[in-house]
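Visitor: Going line by line, the protein sequences match chains R and L. So in our numbering the end of the first sequence lands on 1239, straight run, no missing numbers. So in our numbering the end of the second sequence lands on 168, straight run, no missing numbers.
Simulated from the structure, these hints should not be mistaken for laboratory data. One should not assume that every hint holds.
Claimed, not checked - Restraint-style ranges between C-beta atoms, simulated for each label pair:
no.	chain 1	residue 1	chain 2	residue 2	range
1	L	Asn108	R	Gln1142	45 to 53 Å
2	R	Ser1163	L	Pro90	45 to 53 Å
3	R	Glu1187	L	Thr122	35 to 43 Å
4	R	Lys1182	L	Thr122	50 to 58 Å
5	L	Asn108	R	Gly1153	27 to 35 Å
6	R	Ser1205	L	Glu65	19 to 27 Å
7	R	Arg1143	L	Ser111	42 to 50 Å
8	R	Val1220	L	Gln119	39 to 47 Å
These numbers were taken from a predicted model, which means no experiment stands behind them. We put the CB at the ideal spot given by N, CA and C, even for glycine.
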Amino acid sequence: DSGVTQTPKHLITATGQRVTLRCSPRSGDLSVYWYQQSLDQGLQFLIQYYNGEERAKGNILERFSAQQFPDLHSELNLSSLELGDSALYFCASSVAGQVNQPQHFGDGTRLSIL
Amino acid sequence: AQKVTQAQTEISVVEKEDVTLDCVYETRDTTYYLFWYKQPPSGELVFLIRRNSFDEQNEISGRYSWNFQKSTSSFNFTITASQVVDSAVYFCALSDQGRGSTLGRLYFGRGTQLTVWP
């Protein structure tokens, strides 16, 4: 158990819809990362937050947004969903978001778009 | 640009065989970190090891060992006396200070699917 909690584990929805994925980091970790895992693209970094502030953006679509709340949990919002958004979405956390710190991953949310 | 290459897409071995998973990386930074993660069939990503660019000592942890060679930009992972429970996808990842940032985003390879048969 990594200590990172993601909900829900599975999400099935239709094209055009909007969903919210939730992540609670490990106790004491201030930085949260979101990654997308798909067959086409592999594991891709989406976005990073540190103590409530956005720190880095990767290959995140404009239809996607995220935030980190004062209690440090984070949400990833996906809107106007397309079939290609079907993927496994991981949240990870680290102590302070530094380059030398291991990221610990949650179990992921599997998103299926019908 | 940062890049991680895991040339072996799939490897199959029989239990008790040794197996080596290859990882080659690219970065312009002199300070960087390399990681290995395991993704078992249940889907979670499990952190296995971290190695910094200044430490080329090999590391052994039980049946696992890692060989870091800066000269060839490789960070290979060997499982000795493999077991069925080792069956998983293994990912190599790189984190560096591109553009002077200390942010720790990970660049992942495409992974190697290891299947260990009884």
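Visitor: All hints are to be evaluated individually against the structure, with a verdict given for each.
Guide: Evaluated hints:
{"no.": "1", "hint": "L:Asn108 to R:Gln1142: 45 to 53 Å", "in the structure": "50 Å, holds"}
{"no.": "2", "hint": "R:Ser1163 to L:Pro90: 45 to 53 Å", "in the structure": "19 Å, violated"}
{"no.": "3", "hint": "R:Glu1187 to L:Thr122: 35 to 43 Å", "in the structure": "40 Å, holds"}
{"no.": "4", "hint": "R:Lys1182 to L:Thr122: 50 to 58 Å", "in the structure": "32 Å, violated"}
{"no.": "5", "hint": "L:Asn108 to R:Gly1153: 27 to 35 Å", "in the structure": "31 Å, holds"}
{"no.": "6", "hint": "R:Ser1205 to L:Glu65: 19 to 27 Å", "in the structure": "48 Å, violated"}
{"no.": "7", "hint": "R:Arg1143 to L:Ser111: 42 to 50 Å", "in the structure": "44 Å, holds"}
{"no.": "8", "hint": "R:Val1220 to L:Gln119: 39 to 47 Å", "in the structure": "29 Å, violated"}
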